[in-house]
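Just need the whole structure built from these sequences, with the hints factored in.
Under our numbering, think of the first position of the sequence shown as 1, with each following residue one higher.
None of these hints come from the bench; they were simulated from the model.
Keep in mind that the hints are not guaranteed to be accurate.
Unchecked claim - Computed spacing ranges between beta-carbons, pair by pair:
(1) E46 with E25: 27 to 37 angstroms
(2) Q35 with G306: 49 to 59 angstroms
(3) S433 with E11: 43 to 53 angstroms
(4) E254 with E396: 53 to 63 angstroms
(5) E68 with K213: 31 to 41 angstroms
(6) V20 with K209: 30 to 40 angstroms
(7) E77 with F197: 44 to 54 angstroms
(8) R129 with V251: 18 to 28 angstroms
(9) V20 with N397: 46 to 56 angstroms
(10) K3 with L308: 52 to 62 angstroms
What the hints assert, rightly or not - Below, simulated EDC-like cross-link-like pairs (lysine to aspartate or glutamate); rule was C-alpha separation at most 16 angstroms, straight line:
(11) K252 with E274
(12) K59 with D38
(13) K245 with E221
(14) K252 with E234
(15) K252 with E221
Keep in mind the model is a prediction, meaning the values are calculated, not measured.
Think of the CB as a built atom: it goes at the ideal place given N, C-alpha and C, for glycine as much as any other residue.
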Amino acid sequence: MEKINSRKLAEIVGSVSKVVDCEIENIVTDSRKVQPGDLFIALKGEKFDAHDFVPEVIKAGAALVMVEHETDGVPAERQLVVKDCLHAFGLIGAYNRSRFKGVVIGLTGSAGKTTTKEELKFMLSQFGRVFATGGNHNNQVGVPITLCEMDMSADYAVIEMGMSAKGEIEELVSFVKPDVAVITNVYPMHIEFFSDFEGIAEAKAEIFKSLKKGGLAIINEDTNFADLLARRAEENGARVVTFGKKHHPRVKFELANEGEHYLYNAWCVLTVAEALGLDAVKAAGCLKDFGALDGRGKQHKLKLPGGLYTLIDDSYSGQPEAMKLAIGTLDKMPCSGRKVVVLGKMAELGETSQARHIEIGRQLADSSIDIVVGVCPEMKDMLAQLPAGKERHYFENKEGLDEFLINKLLQNNDIVLIKGARYSSKLYQVAESLIKKGA
Numbered sequence: 001m002e003k004i005n006s007r008k009l010a011e012i013v014g015s016v017s018k019v020v021d022c023e024i025e026n027i028v029t030d031s032r033k034v035q036p037g038d039l040f041i042a043l044k045g046e047k048f049d050a051h052d053f054v055p056e057v058i059k060a061g062a063a064l065v066m067v068e069h070e071t072d073g074v075p076a077e078r079q080l081v082v083k084d085c086l087h088a089f090g091l092i093g094a095y096n097r098s099r100f101k102g103v104v105i106g107l108t109g110s111a112g113k114t115t116t117k118e119e120l121k122f123m124l125s126q127f128g129r130v131f132a133t134g135g136n137h138n139n140q141v142g143v144p145i146t147l148c149e150m151d152m153s154a155d156y157a158v159i160e161m162g163m164s165a166k167g168e169i170e171e172l173v174s175f176v177k178p179d180v181a182v183i184t185n186v187y188p189m190h191i192e193f194f195s196d197f198e199g200i201a202e203a204k205a206e207i208f209k210s211l212k213k214g215g216l217a218i219i220n221e222d223t224n225f226a227d228l229l230a231r232r233a234e235e236n237g238a239r240v241v242t243f244g245k246k247h248h249p250r251v252k253f254e255l256a257n258e259g260e261h262y263l264y265n266a267w268c269v270l271t272v273a274e275a276l277g278l279d280a281v282k283a284a285g286c287l288k289d290f291g292a293l294d295g296r297g298k299q300h301k302l303k304l305p306g307g308l309y310t311l312i313d314d315s316y317s318g319q320p321e322a323m324k325l326a327i328g329t330l331d332k333m334p335c336s337g338r339k340v341v342v343l344g345k346m347a348e349l350g351e352t353s354q355a356r357h358i359e360i361g362r363q364l365a366d367s368s369i370d371i372v373v374g375v376c377p378e379m380k381d382m383l384a385q386l387p388a389g390k391e392r393h394y395f396e397n398k399e400g401l402d403e404f405l406i407n408k409l410l411q412n413n414d415i416v417l418i419k420g421a422r423y424s425s426k427l428y429q430v431a432e433s434l435i436k437k438g439a
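Encoded structure:
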């Protein structure tokens with residue numbers, strides 16, 4: 001973020017604090033990274049309260065701290081007091097976004113957000129300078145960080161927004177104010193936080209509430225509640241453009257990755273290109289060079305004591321629809337060895353958890369998958385659906401799983417898919433170990 005005056009900051013966040021007149025060089029939320037001239041924002045989490053570090057960051061040279069209550073022993077003029085630090089952070093991000101002169105594309109959806117965001121960034125880079133959300137900074141903290149870091153010289157900005165509850169997208173999009181709003185799909189993710197599936201669609205549709213009048217709403221016409229999404233977009237004055245099996249840019253393209261979900265990502269990206277008036281043929285031409293991301297379907301050729309095998313590292317997300325798509329893709333892949341899946345817990349399913357795990361088991365029972373490895377207690381319901389002739393293995397957790405795969409299970413020419421909820425199953429650590437040992 002470019003330098004900003006401390007008193008201008010107070011005005012932006014609606015604070016009446018009489019702060020010292022100074023120029024803010026940078027904004028940080030991690031007390032360990034404070035440098036002289038920084039604004040430190042004292043955020044609160046479930047297990048921490050950054051107000052505890054206010055004296056420490058002042059000693060480290062912070063020019064100003066944003067707090068919800070004053071800290072004794074710290075000069076009052078160095079404390080910018082606000083009602084809610086997180087919301088105030090968003091207001092600062094919104095101010096920075098208001099200075100951006102390029103096209104802002106806001107993106108949300110139940111699955112494929114980050115891959116689609118990166119593919120949009122890749123495609124748009126053929127037409128100009130692009131700024132995009134870094135990593136997975138798509139939540140209540142990450143979006144303000146992203147907005148504060150915007151490259152003002154860029155022609156396009158792609159901002160990813162995630163949510164797990166009603167109202168979260170509405171607040172985020174009020175800061176982002178996109179020219180184009182994209183919904184990749186709607187699945188029953190985070191269902192334990194909603195009364196029903198339709199509530200998830202309504203929460204996703206919040207992205208249209210702060211879309212600029214006459215802005216573009218890009219919607220997957222084949223997803224759940226597509227008609228509802230289109231109505232909500234139109235109610236907010238958007239021009240709706242859909243993509244899917246019936247309607248998509250009529251251009252030829254090649255993809256580096258197998259799977260229907262990658263096809264939908266490509267249709268989404270090309271629909272954005274056409275809607276912005278860009279050359280769709282030129283946009284399509286670059287897609288063959290866009291590869292899967294780490295942890296999101298990237299393939300690795302790895303060594304075994306007795307040969308080579310292929311690892312499909314899809315260990316970032318474990319939600320049911322993404323798991324079904326990954327299994328379906330492997331099911332259709334040619335393989336001269338055996339097809340192996342290592343599956344971990346699917347999180348945030350609430351009362352539907354057992355039924356969703358059983359669904360996956362039934363899919364596997366009817367597939368060409370040769371070996372199924374279930375990791376964590378929830379996977380017992382999945383394994384119970386497999387026919388007697390299908391090899392299966394069970395692990396309570398990930399411990400020792402990498403050694404089992406390398407030394408006891410995998411053979412030459414096998415393909416192994418690893419998939420599960422990143423933080424619940426931690427199967428990404430198994431994938432990392434296999435990559436390290438097989439490189």
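- Query: Holds or violated: 43 to 53 angstroms for the Cβ distance of S433 and E11?
  - Reply: For E11 against S433, whose Cβ atoms are near 51 angstroms apart, the range 43 to 53 angstroms holds.
- Determine whether the Cβ-Cβ distance between R129 and V251 falls within the hinted range of 18 to 28 angstroms. Between R129 and V251, where Cβ atoms are some 24 angstroms apart, the hint holds.
- Lying within 49 to 59 angstroms: is that true of the beta-carbon distance Q35 to G306? holds, 53 angstroms
- Between K3 and L308, does the beta-carbon spacing fit 52 to 62 angstroms? holds, 54 angstroms
- Quickly compare the C-alpha distance for K252 and E221 to 16 angstroms and report which way the hint goes. violated, 20 angstroms
- Task: Hint says 46 to 56 angstroms; check whether the CB-CB distance for V20 and N397 agrees.
- Result: Holds, since V20 and N397 (Cβ atoms, about 52 angstroms apart) stay within the stated range.
- Message: Hint check: K245 vs E221, CA-CA at most 16 angstroms. Holds or violated?
- Response: Judged against 16 angstroms, a Cα distance of about 8 angstroms means the pair holds.
- Query: Does E234 lie within 16 angstroms of K252 when you go C-alpha to C-alpha?
  - Reply: Violated, at roughly 30 angstroms.
- Task: Note whether the CB distance of V20 and K209 lies within 30 to 40 angstroms or breaks it.
- Result: Between V20 and K209, where Cβ atoms are some 37 angstroms apart, the hint holds.
- Message: Is 53 to 63 angstroms respected by the C-beta to C-beta distance linking E254 and E396?
- Response: Violated - the Cβ-Cβ distance for E254 and E396, about 43 angstroms, lies outside 53 to 63 angstroms.
- Query: Has the hinted range 44 to 54 angstroms been met by the Cβ atoms of E77 and F197?
  - Reply: holds, 51 angstroms
- Query: Does K252 pair with E274 here, judged by a C-alpha cut-off of 16 angstroms?
  - Reply: Given that 16 angstroms is the threshold and the Cα spacing comes to 14 angstroms, the pair holds.
Figure legend: structure checked against the earlier numbered hints; hints not met, in rising order: 4, 14 and 15.
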